[in-house]
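Protein chains in written order, with my numbering: chain S, 1 to 434; chain Z, 1001 to 1361; chain A, 2001 to 2364.
Wrong hints could be hidden among the right ones.
Per the computed footprint, the stretches of chain Z lying under chain S, defined by three or more beta-carbons under 8 Å from a beta-carbon of chain S, are [unchecked claim]:
1) 1069-1075
2) 1091-1102
3) 1210-1217
4) 1226-1233
5) 1343-1349
6) 1353-1361
No lab work stands behind these hints: they were computed from the structure.
Remember, predicted model here, so these are calculated numbers, not experimental data.
Every residue gets a Cβ at the ideal spot worked out from N, C-alpha and C, and that includes glycine.
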Amino acid sequence: MSDAAMGMNQAANSGASSGPLIAADGIPLKQKLAKTTRRMKIQAFMLTVPLVLFLLVSFVLPIGQMLYRSVHNPTGSNVMPNFAVAIKDWDGQGLPSEEIFEVFVKDMTAAKKNREVGKTIGNLATRVNYEIPGSRSLFTKTARKTKNITEGPYKEALFAIDKRWDSPQLWLTLQRVTNDYTIAFYLAATDRKFDEKGNIVLADELYQIYLPILWKTIWLSALITGLCFIIAYPVAYLLSTLPLRTSNLLMILVLLPFWTSLLVRTSAWIAMLQTEGIINNVFVYLGFISDENRIQMIYNMTGTVISMVHILLPFMILPLYSVMKTIPPSYMRAARSMGASGTYAFTKVYFPQTIPGIAAGTLLVFILAIGYYITPALVGGSDGLLISNLIADHIKKTLNWSLGAALGTILLVVVLIFYWLYNKLVGVDNLKFG
Amino acid sequence: MKLTKLLASTAIGAAVAFGASAASAKELTVVSWGGAYTKSQVEAYHKPYIAKTGVKIKSEDYNGGIAEIKAQVEAGNVTWDIVDVELSDAIRACDEGLLETIDHSALPAGADGTPAKDDFLAGTLYDCAVANIVWSTIFAYDSSKMANGPKTMADFFDVAKFPGKRGLRKGAKVNLEFALIADGVAAKDVYGVLATPEGVDRAFKKLDTIKKDVVWWEAGAQPPQMLADGEVAMTTAYNGRIFNAVAGEGKPFEIVWDGQVWDLDLWVIPKGAKNKDTAMDFLKFSTATEQLAKQASYISYGPARKSSAPLVGKYDGKDIDMGPQMPTNPANLANAVQNNFEFWADNADQLNERFNAWLAK
Amino acid sequence: MEDAFVRFDKVQKSYDGEILVVKDLNLDIPKGEFLTMLGPSGSGKTTSLMMLAGFEPATHGDIYLGGESINNVPPNKRGIGMVFQNYALFPHMTVAENLAFPLKVRKLGAADIEAKVQRALDMVELGQMGGRRPAQLSGGQQQRVAVARALVFDPSLILMDEPLGALDKQLREQMQYEIKHIHENLGVTVVYVTHDQSEALTMSDRIAVFNDGVIQQLSTPDDLYERPQNSFVAQFIGENNRLHGKVAGVSGDECKVELDGGGEVVAKTVNNTASVGERTTLSLRPERVEIEPKKGQTDNTVTGEIKELIYLGDHIRTRMEVAGNDEFIVKVPNSAGNKPLAEGAQVKVGWKAEDCRALDPMAV
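Work out the full structure, taking the sequences as your base and the hints as a guide.
See the structure below:
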């Protein structure tokens, strides 16, 4: 170091007593430090950029879009922009005024000619049909005829096409539907609807589906998680205590299902469990049951539970194993040497130490189970369906994406609630996934 | 499943891109229901068309519905050029602006010179869709296991007289019609009754009587398999699938035509299809008298043209007359219902919801 | 010995049915003794301890505790306190809960437990640490808790399995004294396993040196150091110079040995192993060798060459080549009268016959 630098250094040091620390070149030490570490920070950040972008595109955006779609449905205003404005301030008493009817008829005539996706009468008809079942054809039929209405009174002309237009409920619904933001899909997703007067009421019992299925999904997931735990705990214990060679072999057996296609595994269960399947055949052969009374074990809840327990089992075994592996046998020995019986030592010493693994395993299995789709779809039959199957139905079959999104959002919230509960009970820091 | 689909579409995308850059060779992606049905189309439509025009045809399978079409059209990346859909889906997709409109006058006249609009059966031509076949949902049983088998739809619902499991398609459509027919409603009155809340209750009540014995199916290939496995004693099915199991694989299955619900399959062209013109050309070619008749010799679905009916001969290389196997055969139509697409367009959402709720109970 | 508190009687142990890890172990430990099992890893010392604790069954033979065979007594009924290599403190319990564990198992009253726990904590000078978790303590503190936990239920026998292995050198030495003092104060019997010979020498009443599944020598520390009975013990305990040779003649308890590297020396015969013509290995402690001895002061004198000098303050560690052994160490006291040494110099070295033990031959 040159003399000059030495001098600077001394100056810096002497300055320390009066103000902030100064580096040799006179820049405050904190700034200097920030500058030298900034490069590293930028580098570290750059390494995460691909992942961040990936997550943004494949995770954050779709979920954001789902949340948005569940409350935002612009079909009404897209198809009938003028009518949407006109009916906005209607007081909802009786029927709207003649002027509003005129706008409606003109919008409908215009929409009938529109072939643009999302702006056709068909789109509006579908949207209204969600709220008033059976009204779809009213729109498609009427739209074919409105071009003949050239002058007022529009109200009577519309009633002449179809009597059903003379319904305050229909116009209340149209007012709601032409508003881009709606809670209708959340109502539907919780088995509720608007009645004729626009009040929120519970749907007819015969049509209540989503809440019962949601509860069923939750308790089935809990059941599956519990069964997984009961089966996985001894297996994980065995794996963690056996000599490495043997445990590696067993571990391959545990992981083998992981490497097999989900469909293959599920089909294997179908072959096993169906009424003419292996298990029933064995039972009949052994005389446990008669040929006529074969047990129905698939295409129902039993089938769903059995195959999902099998499929999700590794997710329970692996965190348990990884935690158990870190518990040296000396703990149990220490407890035994101090006079504890095997059971006492297990419950007071071993078991409490596996709780992080149990927590991670149960959380993992529960969350996976609650959103499971393919297995219940294949083996669930009538009463083994889960909420995700209904979501898939709305995305793939009925094309009611908004309702699917609302159901998806509710499922997401349920999962978050369970996560929050877990955090309260176990503490997320204590989870050990592997 | 997703992945294979993705890979498939990637492969197609690559093929399309490659094809486009390579030469002026035309490409066409034809989407249909797979299995024996697609095979009949390949034999009757694709092969002659390739031979005639040199267009490369990519055949893809799907499971019905308009979800994929909607997704492609909305994303502005339409890779499917022509799709075989059910009537109610065709109407709805057309209503929602997802399909190209089709000029009926451009369709070829019948073999006898009758203009297309008169040659096609009534109710088979639509703004955006042209029917190719008439198919039907029937029920069938294994005659080797049931010597004195069921004869009527009421028998299907009579588990006391004919014990054993029943296979039904998971969904409200067709099952409600079957239930009412079994309960004594005349075929022509079915939709009238179903339009009333009491009618719906009545149908579900009838379904209640066999609910615990039902095994539900979803894909068309399942019912013949379930019958073959002995998983069910009788099952509803698409008539062509059962016919092919009988004619093609020699299965001892028997079709009961009583109470059949027949429907149409139609060609539609998604809006903005990449090879729209070729697709239109293919549509005209495949719905000509000769091609429709030819398809009927591979699978027991009836041609949508009147002029095709006399040309329908025997099953592919075997001595089986196809005529009696068709849903439209007069004997089979004695107590039959035509699927009412308008009723289902109006009520499918609500009735499926009730159906699912009923199912989950 | 009829009054042995712990007795191993012809104990054998094999894990795989092919190799004996412990071969015919016979060992009596009187009450109140601090006995150390010392040996390299794989010598069978830990296995012997585990058999005593009850975690491993003996393949053959009996183990007695207080005169009763305990072969069929499960570990929790043996009443033996144990300190483990990595302490085995239960991480999910506080220090006090750890100490209370054996007392709770014995269903003591809450007040009683509290008093005993506090006393044990005070004993290891951790009176204020009862509320902490083991992970919040230093290694030395954890070690003390482990000792306290093994003692808290007043067992008459404590087993320690390399308890200080995880500590650094300074802490280890301090803990050695603490454990020794606890032993002296409580009068409890201790069986201690270690592979560290200085630890064994510091703490033990007696040391059992294990090798190859057999006790090589069972003696007090000074006896082991001064009078090793075989080459393994001589080599394993303390620093040792080896000279290989052949017995040329025997007279009384002394023998003449012809060294391989030339020269002839007189050595003390041990165990009557040496007879004329047989090979032997001589064992000689470095501090018993004199440089340039006066005539008559030593029985043996040979010439060697100084290879290396290491200055260590109180003494100079001198590496020499003597009779073909170039690892021959001599500790030269740094006293006023000594002549300075130079590397490469030829000097005479000598030692008394009684300090040089003729033991079983070792491989050259």
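Against the structure, the hints:
{"no.": "1", "hint": "1069-1075", "verdict": "holds (count 3)"}
{"no.": "2", "hint": "1091-1102", "verdict": "holds (count 7)"}
{"no.": "3", "hint": "1210-1217", "verdict": "holds (count 4)"}
{"no.": "4", "hint": "1226-1233", "verdict": "holds (count 3)"}
{"no.": "5", "hint": "1343-1349", "verdict": "holds (count 5)"}
{"no.": "6", "hint": "1353-1361", "verdict": "holds (count 8)"}
When each numbered hint is compared with the structure, no violation occurs for any of them.
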